[in-house]
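Protein chains: 2
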Amino acid sequence: MRRKGRRGKEARRSAGGKEEEGTLAGVIDLAVDWMTDLKEGVCLSAFWYSHEQCCWTSNETTFEDRDKCPLWQKWSELLVNQSEGASAYILNYLMYILWALLFAFLAVSLVRVFAPYACGSGIPEIKTILSGFIIRGYLGKWTLLIKTVTLVLVVSSGLSLGKEGPLVHVACCCGNFFSSLFSKYSKNEGKRREVLSAAAAAGVSVAFGAPIGGVLFSLEEVSYYFPLKTLWRSFFAALVAAFTLRSINPFGNSRLVLFYVEYHTPWYMAELFPFILLGVFGGLWGTLFIRGNIAWCRRRKTTRLGKYPVLEVIVVTAVTAIIAYPNPYTRRSTSELISELFNDCGALESSQLCDYINDPNMTRPVDDIPDRPAGVGVYTAMWQLALALVFKIVITIFTFGMKIPSGLFIPSMAVGAMAGRMVGIGVEQLAYHHHDWIVFRNWCRPGADCVTPGLYAMVGAAACLGGVTRMTVSLVVIMFELTGGLEYIVPLMAAAVTSKWVADAFGKEGIYEAHIHLNGYPFLDVKDEFTHRTLATDVMRPRRGEPPLSVLTQDSMTVEDVETLIKETDYNGFPVVVSRDSERLIGFAQRRELILAIKNARQRQEGIVSNSIMYFTEEPPELPANSPHPLKLRRVLNLSPFTVTDHTPMETVVDIFRKLGLRQCLVTRSGRLLGIITKKDVLRHMAQMANQDPESIMFN
Amino acid sequence: MRRKGRRGKEARRSAGGKEEEGTLAGVIDLAVDWMTDLKEGVCLSAFWYSHEQCCWTSNETTFEDRDKCPLWQKWSELLVNQSEGASAYILNYLMYILWALLFAFLAVSLVRVFAPYACGSGIPEIKTILSGFIIRGYLGKWTLLIKTVTLVLVVSSGLSLGKEGPLVHVACCCGNFFSSLFSKYSKNEGKRREVLSAAAAAGVSVAFGAPIGGVLFSLEEVSYYFPLKTLWRSFFAALVAAFTLRSINPFGNSRLVLFYVEYHTPWYMAELFPFILLGVFGGLWGTLFIRGNIAWCRRRKTTRLGKYPVLEVIVVTAVTAIIAYPNPYTRRSTSELISELFNDCGALESSQLCDYINDPNMTRPVDDIPDRPAGVGVYTAMWQLALALVFKIVITIFTFGMKIPSGLFIPSMAVGAMAGRMVGIGVEQLAYHHHDWIVFRNWCRPGADCVTPGLYAMVGAAACLGGVTRMTVSLVVIMFELTGGLEYIVPLMAAAVTSKWVADAFGKEGIYEAHIHLNGYPFLDVKDEFTHRTLATDVMRPRRGEPPLSVLTQDSMTVEDVETLIKETDYNGFPVVVSRDSERLIGFAQRRELILAIKNARQRQEGIVSNSIMYFTEEPPELPANSPHPLKLRRVLNLSPFTVTDHTPMETVVDIFRKLGLRQCLVTRSGRLLGIITKKDVLRHMAQMANQDPESIMFN
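Going down the list, the protein sequences come from chains H and P.
Residue 668 in UniProt numbering is what sits at position 668 of the first sequence, and the numbering runs on without skipping anything.
Residue 119 in UniProt numbering is what sits at position 119 of the second sequence, and the numbering runs on without skipping anything.
Okay, chain H solo, but in the shape it has when bound:
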């Protein structure tokens, strides 16, 4: 019974943290909406209202003339009292650029001055941290605060980036903060990582309103080791976060889901062909993006470009704002764009994308509108979308990786949604004008509603996101939670699988792994299979011809010997053997603990001098009568170091390193110590086997 009570308390604790995350995400949403609209105008009744909120309060407006609500003033109206005409347009244009530059400058300055770790999406680093590597301060309070603030600024500035990836980092910072409050978590690295896995799930959950997708994302993409109880806790965390977000939802439309859609028609087998084409597009986009982005980031790391991060952000923001403003599909916020592209054209839809020519003889039911010929608006939209697509593809490659928080879920989805919507409209018009073709004859009679362009947009978005991140199950589940219909899982899966296969054919790494490699984090990917036939003896150090391994003996070295050894080497620890002759291993001593123990002993223990013998055995060794007092160090000795024999296949060794999260492993033969294999040696060997340069990918 006591056990239960404890578990209940834990769940409540973790729920506490997740509510915070939901709240934080809600506040970020509100702020982004306000600041995005601030670039275009201001609300007269209360300047802290966004366009939508402002026009709600003026009670005369319906949804359609939302843009004409009198309380909302564009900058030109406010400043020079003009709402039409060239000069008003230019003034609004300039204000848009100015605000964007201001936001971006603020953001990059804050990041540089206060929290350099707040930049990027954070997912590569969190993957690395969860695999056992420690980056101090990466999940600190300052990072949390600055990342939250700058995230609002950069998203509002109109840069081609999303807040979903960084929200995972923010959620992990929250999780880290909460786990630091309880000694049970702060003291146990493993438990802390479990909290972080749950926090990552909560982050995706609030980003997309997809609790199950969030858990699977954490399982598939972020977490290294995912025990079962973490599954349950993540799910709990994700749900609490999602529902907190919904309950503080300021829009009154109970949007648990970011892009809620409802389609009225099923999909047909023949449509799988364009869906798979979209998958191919997604795979190609993924390859292009990863190669382009990594090449650019490498250039930033290695040339003088990297020395002017503020200037870079300013230039990219200016270019983005200048090109984005004239095109209605790039001017608005990217998530609004995706939302519109996903939408099915109902009868009440006023969007340009729904400007079809209606049959005047037909009564218009609200739903289930048959396919119609495209009107002028649709053709204009196609051109604008095509331009927006090219622009988005190019600018996203340069944006991701700058010294500001930047996620790529939303830009990737936007690229896919634009391509998908265009393909969808194409198929729709083809089917309308040629419904006697064999491919359409079976399922698309005239007057039927057969093709839903919004579904194509959704499939395209899934394909592009899949191409970039190589997510599979979690991607499909997130998209499934967005639509809520089991029915569209097959198109989504077909696109996701195609996209992954196409992208994998050009390079196996997803964007996060590519960034991990670029930064040289010591990350042992669980997904790679190691199939080479090398043995532990091929990988261990010392190699043939190298000086022998630095070891300590259990009872024959003096304090001075050890201090010299510590000074001359930079190893993290030393194996302890019975004697140099027998080389029988008895344990492993950490460098840090050795230094500390010797320092303490010299200060506090009497009779400890440089000549004192250090011993790791239970009993002190027998010494000559006049020798100084010996120093017992058994306390710092790890008596159960991990060993393998020299004949162990590296396949097994890699498996052990992964599953047990080891940092080093000693190699023995018939009980004699032969050498040591560290995680770095394993990584270096794996790179060598994959014909990569083993030295380029190492870090600290």
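It is possible that part of the hints are untrue.
Simulated crosslink set (DSSO-like; lysine-lysine; CA at most 27 Å straight-line) [said to hold, decoys possible]: (1) H/Lys191 with P/Lys187; (2) P/Lys508 with H/Lys508; (3) P/Lys599 with H/Lys229; (4) H/Lys659 with P/Lys187; (5) P/Lys229 with H/Lys229; (6) H/Lys659 with P/Lys229; (7) P/Lys508 with H/Lys184; (8) H/Lys191 with P/Lys508; (9) P/Lys679 with P/Lys659.
Far from chain P by the CB rule (all over 10 Å, computed), these chain H residues [stated by the list, open to error]: (10) Leu71; (11) Phe273; (12) Arg304; (13) Ser333.
Just so you know, these hints were derived from the structure itself, not from any lab.
Just so you know, these numbers come straight off a predicted model, no measurement behind them.
Even glycine gets a Cβ: it sits at the ideal position worked out from N, Cα and C.
Position chain P relative to chain H; hints supplied.
Quick look at chain P alone, frame taken from chain H:
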């Protein structure tokens, strides 16, 4: 590129298997429907039609007078041409019992004669197999065939059992069969287990039409080790299976989902109280069921009862049929019952459960009917449900574990659904008659549709299933996929968590773990945390006072010595050391391989006699001139046996056994061999630490 091609082929292969499973499940569904109806009557137009199919072909019937279709004849009508009256009722009653007995007798005989492994749900055994234990023939073709046939028979016989659990076993048999076709899978135990994990997911997927739930079930409940690529494959398998099931769906209602429901009202915060009460009920039911069922199964194992399995099945079937027939809620098939209990009462509903008193002044909209006072039918239904509930609780305890295929998902859900529906109707009537009470005032105005009894039934079903199996995430996701609404996740979760906590308070094992323990399978549960402070040295054998470990020396034992050792002991293998003095470990030799190698050498190698020295080194030892030809056995030596030191905490050892799936591990100190720890030793030690009798739970 070649890699891709291979992967695509693998996916197709595995899809091949999963289509089979979907098809199989569809055929089982059809057969069950027909045979269940056969107990009541027969179709005149074609005897192989079920009641529903029979009445479809007669085109005059609408849904409502489905029972009156002329082509469908009850047995009394067919045999004595009477459809009403006491004698007709008795005749139908007798026929019902006769058919049930016939089906049950056939089933139990088939199982006994052809495939003894086909009995039970199979999930405990599959869990054990996936943890690395081998039960030969458990996943064989005969088991597959017989289990499929008998599953149809027992479900049709009206026994209180479901086909969902056994479908997982059937799916695993399919998976095993398909993996035996490809040498890549049949030769690699690990890969075969991955296929089985995916097959288990496909099994749940076809059972409930819940692909994501299936994957999570496999991950949470069945699989021992679940690598990421298995996640994707499982998902793929589950989807293919679900869609195959739908596409061969014979009912024309595209039921991908077993119990599709659509509710028209949200739930209110105040309703959480009854939901949590249902969770408590579910937990109590889980405890009662597990304790009662295990006690009965233990009695069956240990007393003479176990010698008459056929008689036992006959008696239980007879009792079930005799008691079930008079009550309409137990006479029909359990899944129909659950379906009706889950349903919301629409305006067109003709069920007795929907017999409410309508306000004559009110126009009746199809949906969104306000709460109404209960009519006579509802009160009758309440009594009948209460009786059915008691009957179901008692009979299920005796049914699960008999020598026939039997699952307990459906009976558990039925128990929960009945209890839930009754609570739901109670709350509804309370809210209708007392909407001025404080608890109802805020959300239940007169004339509003506030309480949905069907939702209570669903929550109750989730709670009871959770209490018995202790599933958490997968349970919620399966139920979520049934409803398709994110909205009801919170009630389901509240009930699932409560039920798990209540049930865990009375005993930590779910029904599957309890059966694993009862049968003594060597299963190392990944969920238990091992927190005791014992060391490897406390667990290893030989213990203090025991004879020393049986070891081989590398170059000083004769063939005869080894043969004697093999004869005198029954160990699975022997450590090989340099010499008895130094005891430095060089490897491990499997008993089976030793026997085979010696046998081969004696038959085929010249000069090998009982006095020949056996050596495991590279070079033969130096022998006196006239000694017989030595025998080289390095080939059978495993040069990388797993070792830990005697000071390793058992917590670490248990972790290593789990994560690496070891069967034994050698214990050394300073390179000297001290002893051995087998999986059995670990299990025995864990039982001891948990104050259980370590000897009672061991198997072979």
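Hint by hint, here is what the structure shows:
1. Between H/Lys191 and P/Lys187, the direct Cα distance comes to roughly 37 Å. Violation of the 27 Å bound is thereby established for this hinted pair.
2. Note on P/Lys508 and H/Lys508: the hinted pairing is violated, with a Cα-Cα distance of about 43 Å set against a maximum of 27 Å.
3. Of the pairs offered as hints, the one joining P/Lys599 and H/Lys229 is violated, with about 49 Å between alpha carbons and a cut-off of 27 Å exceeded.
4. A hinted pair counts as satisfied when its Cα atoms are at most 27 Å apart, and H/Lys659 with P/Lys187 qualifies at roughly 23 Å.
5. A distance of roughly 21 Å separates the Cα atoms of P/Lys229 and H/Lys229; the hinted pair therefore holds under the 27 Å criterion.
6. Restraint check for H/Lys659 and P/Lys229: satisfied, since their Cα atoms lie roughly 15 Å apart, inside the 27 Å limit.
7. Taking the CA atoms of P/Lys508 and H/Lys184, the gap is about 23 Å. The hint holds against a cut of 27 Å.
8. Of the supplied pair hints, the one linking H/Lys191 and P/Lys508 holds, its CA atoms being roughly 22 Å apart against a limit of 27 Å.
9. Proposed proximity of P/Lys679 and P/Lys659 is supported: the alpha carbons are some 13 Å apart, at most 27 Å.
10. Separation of H/Leu71 from chain P is adequate, the least Cβ-Cβ distance of about 33 Å exceeding the 10 Å criterion.
11. Separation of H/Phe273 from chain P is adequate, the least Cβ-Cβ distance of about 18 Å exceeding the 10 Å criterion.
12. At roughly 38 Å from the closest C-beta of chain P, the C-beta of H/Arg304 stays outside 10 Å, upholding its exclusion from the interface.
13. For H/Ser333, the non-interface assignment is confirmed: its Cβ lies about 24 Å from the closest Cβ of chain P, beyond the 10 Å cut-off.
Checked against the numbered hints listed earlier, the structure breaks hints 1, 2 and 3; every other hint is satisfied.
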